[in-house]
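So the sequence lines, in the order shown, correspond to chains A and B. Quick note on numbering: this note's numbering labels position 140 of the first sequence as 140, and the sequence is numbered without any gaps. Quick note on numbering: this note's numbering labels position 23 of the second sequence as 23, and the sequence is numbered without any gaps.
The set of hints was computed from the structure by calculation and includes no laboratory data. There's no promise every hint is true.
[To be verified] Listed next, the in silico DSS-like pairs over lysine-lysine satisfying Cα-Cα at most 27 Å (straight line): (1) Lys58/A <-> Lys72/A; (2) Lys157/A <-> Lys157/B; (3) Lys155/A <-> Lys157/B; (4) Lys273/B <-> Lys130/B; (5) Lys273/A <-> Lys306/B; (6) Lys273/A <-> Lys284/A; (7) Lys273/B <-> Lys58/A; (8) Lys58/B <-> Lys72/B; (9) Lys155/A <-> Lys155/B; (10) Lys130/B <-> Lys306/B; (11) Lys58/B <-> Lys155/B; (12) Lys297/B <-> Lys72/B; (13) Lys290/A <-> Lys157/A; (14) Lys273/A <-> Lys58/A; (15) Lys130/B <-> Lys58/B; (16) Lys284/B <-> Lys267/B; (17) Lys155/B <-> Lys157/A; (18) Lys130/A <-> Lys157/B.
It should be emphasised that the depicted structure is a prediction, and the values quoted were computed from it without experimental measurement.
There are 2 protein chains.
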Amino acid sequence: MNTQVFERSPQNSQLDQHGEFEHQINEATFDLKTYLSERRAQVEVALDQSITVVYPEKIYEAMRYSLLAGGKRLRPILCLASCELTGGTVEMAMPTACALEMIHTMSLIHDDLPAMDNDDYRRGRLTNHKVYGEDIAILAGDGLLAYAFEFIVEKTKQVQAEHLLQVVAKLGHAVAATGLVGGQVLDLQSEGQDNIDVETLNFIHTHKTGALLEASVVCGALLAGANNEVLHRFSRYACNIGLAFQIIDDVLDVTATSEELGKTAGKDQKAHKVTYPSVWGIEKSRHQAKELVEEAKAELAPFGEKSIPLMAIADFITTRTH
Amino acid sequence: MNTQVFERSPQNSQLDQHGEFEHQINEATFDLKTYLSERRAQVEVALDQSITVVYPEKIYEAMRYSLLAGGKRLRPILCLASCELTGGTVEMAMPTACALEMIHTMSLIHDDLPAMDNDDYRRGRLTNHKVYGEDIAILAGDGLLAYAFEFIVEKTKQVQAEHLLQVVAKLGHAVAATGLVGGQVLDLQSEGQDNIDVETLNFIHTHKTGALLEASVVCGALLAGANNEVLHRFSRYACNIGLAFQIIDDVLDVTATSEELGKTAGKDQKAHKVTYPSVWGIEKSRHQAKELVEEAKAELAPFGEKSIPLMAIADFITTRTH
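I would like the entire structure built from these sequences, with the hints used as guidance.
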């Protein structure tokens, strides 16, 4: 991965039709760290503006508390990148990018509840229900999920109605029992069982985290009106990096310190949770993740230099330390 | 209300373009009870077909358990009726009608949770979390909510994409903090307080139950491509019958037996809950409900005989005994 700092210069930036700087991507100057932090900053601004606190204030505050609690903003960034790669703009994709983060936040709030994973801390802060109570936390999740769909429809500009409907359907599918809800159910059912096979482990992760990651990438392309071949390539890219991401997450739970992770390390082992390292060992897990990333990148080969951000994000997954 | 039995005869039925019987509505032959039971039967079939049990079975079974637990199916029926009244068909509106019931069911499952109203029974059966556990109940609600949006987009035929997007936005708005979630929050905050004023009580009910009832009626008209004047009339009709419905619900909690209601009577009084009868007394509450229903019906006057079903549903609200 190229680590040169991205510099704004007439060579690699230009004012686009909306008067904003549009980065010309080329391998010599692209720096992922700068790219991610610039995109993250854009997403933070949009998320901050997405929910205003009105009466009854408590529910809006609870939704904002978790929505604006930081995080990598990987889903929004993937959505923006895939929309741009297929000829769309950041502006077209930002409402969907925000909706993806609202949905992701909903799943975290509900996962942390006492009846689910019973977590008191998330991203170094008290979880939603520890601050607002379980009832409000459940409702904050429901509110974020419902609002995500309204937000996409109300805020998206310059996208054909048919494409926007495809985004709505894709997101619904990615969250419902066919997606993250189904993955979470199987994860709960597998708890405390030590005879979980790799197929079950794959099902859990391709649904619990993979489905929304895949939707993030595919929705970006849907917004830009990409054709079926592109959509399939993006889907395979996203499924692969999603699974690689989870494998590395499991590996880091074993190898990294709590300080590096920003959350409790060694949690899976303590909970006797079946993970990729517990099935494959550390080395094979790392190898599998690397192969998935290579396959993911191969899907993007036809797009040339424009695919550098998504290529770099794929690489980042296997090289990250937290 | 006319109680003559609706008879299928060449005078009042004809085969429509889809080869189904289309009822010609006229005051002399319309019978609400038959109309509601016929419509309910259609909705039950569509709901039963809407969710298939696949792996992991438990979550699909949990969603079906609550979705197919009976009930009046008032929201779907309102949606179908309003779509027909504005020139649309039952076929066009059925996916949205089912989605409305999925969303309504989600709100019931989450409301019944121990962290919320903590109810063990609903419609004479054990509540979702008593059968499947709290974790699955939370996820079943999330799954139904997300699926509702996917279902509308995937299953609706013969509706313009722009109209369908309006339906998605309307539903999102009706469920989020701007709708039933906001109403539920205020309801929870008002518990145990005896200084709740009528404005707060109205806010709770226009949001907790009113918003989705309003969306039911308005979405039917949106699907048929109704103009703004019609949408506003339907919105006012629905807001009025929604509030009247709640007032009568409160009244019946005081005056009806548990057997009549199919749920515990006198629950509000026992919980020292502020209700319309506790603020206005029984008589004034009944009077207010009646006035709201009259105003609701006045909104439909321009539609003539075609509005008989929605008129009769409005009347039913104040005359019902359970």
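Hint check:
1. Proposed proximity of Lys58/A and Lys72/A is supported: the alpha carbons are some 26 Å apart, at most 27 Å.
2. At most 27 Å may separate the alpha-carbon atoms for a hinted pair to count; Lys157/A and Lys157/B meet this at roughly 24 Å.
3. For the hint linking Lys155/A to Lys157/B, the alpha-carbon distance of about 25 Å falls within 27 Å, and the restraint holds.
4. Of the pairs offered as hints, the one joining Lys273/B and Lys130/B holds, with about 25 Å between alpha carbons and a cut-off of 27 Å not exceeded.
5. Pair hint Lys273/A plus Lys306/B does not hold up; C-alpha atoms about 61 Å apart against a cutoff of 27 Å.
6. For a cut-off of 27 Å, the pair hint linking Lys273/A to Lys284/A stands: about 18 Å separates their Cα positions.
7. For the suggested pair Lys273/B and Lys58/A, the alpha carbons sit about 21 Å apart, so the restraint of at most 27 Å is met.
8. Restraint check for Lys58/B and Lys72/B: the C-alpha separation of about 26 Å stays at or below 27 Å, so the hint holds.
9. Between the alpha carbons of Lys155/A and Lys155/B the distance comes to roughly 24 Å, so the proposed pair stays at or under 27 Å and holds.
10. The suggested pairing of Lys130/B with Lys306/B is violated, with an alpha-carbon distance near 44 Å, which exceeds 27 Å.
11. Note on Lys58/B and Lys155/B: the hinted pairing holds, with a Cα-Cα distance of about 24 Å set against a maximum of 27 Å.
12. In summary, the hint linking Lys297/B to Lys72/B is supported, as the alpha carbons are separated by about 21 Å, within the 27 Å threshold.
13. Restraint check: the Cα-Cα separation between Lys290/A and Lys157/A comes to about 38 Å, which exceeds 27 Å; the hinted pair is violated.
14. A hinted pair counts as satisfied when its Cα atoms are at most 27 Å apart, and Lys273/A with Lys58/A does not qualify at roughly 36 Å.
15. In summary, the hint linking Lys130/B to Lys58/B is supported, as the alpha carbons are separated by about 14 Å, within the 27 Å threshold.
16. Taken as a hint, the Lys284/B and Lys267/B pair is honoured in the structure, with Cα atoms around 21 Å apart against an allowance of 27 Å.
17. Straight-line distance between C-alpha atoms of Lys155/B and Lys157/A comes to about 25 Å, which keeps the hinted pair within the 27 Å bound.
18. Our distance criterion of 27 Å between C-alpha atoms is broken by Lys130/A and Lys157/B, whose separation comes to about 45 Å.
Consistency with the previously given hints fails for numbers 5, 10, 13, 14 and 18, ordered from lowest to highest.
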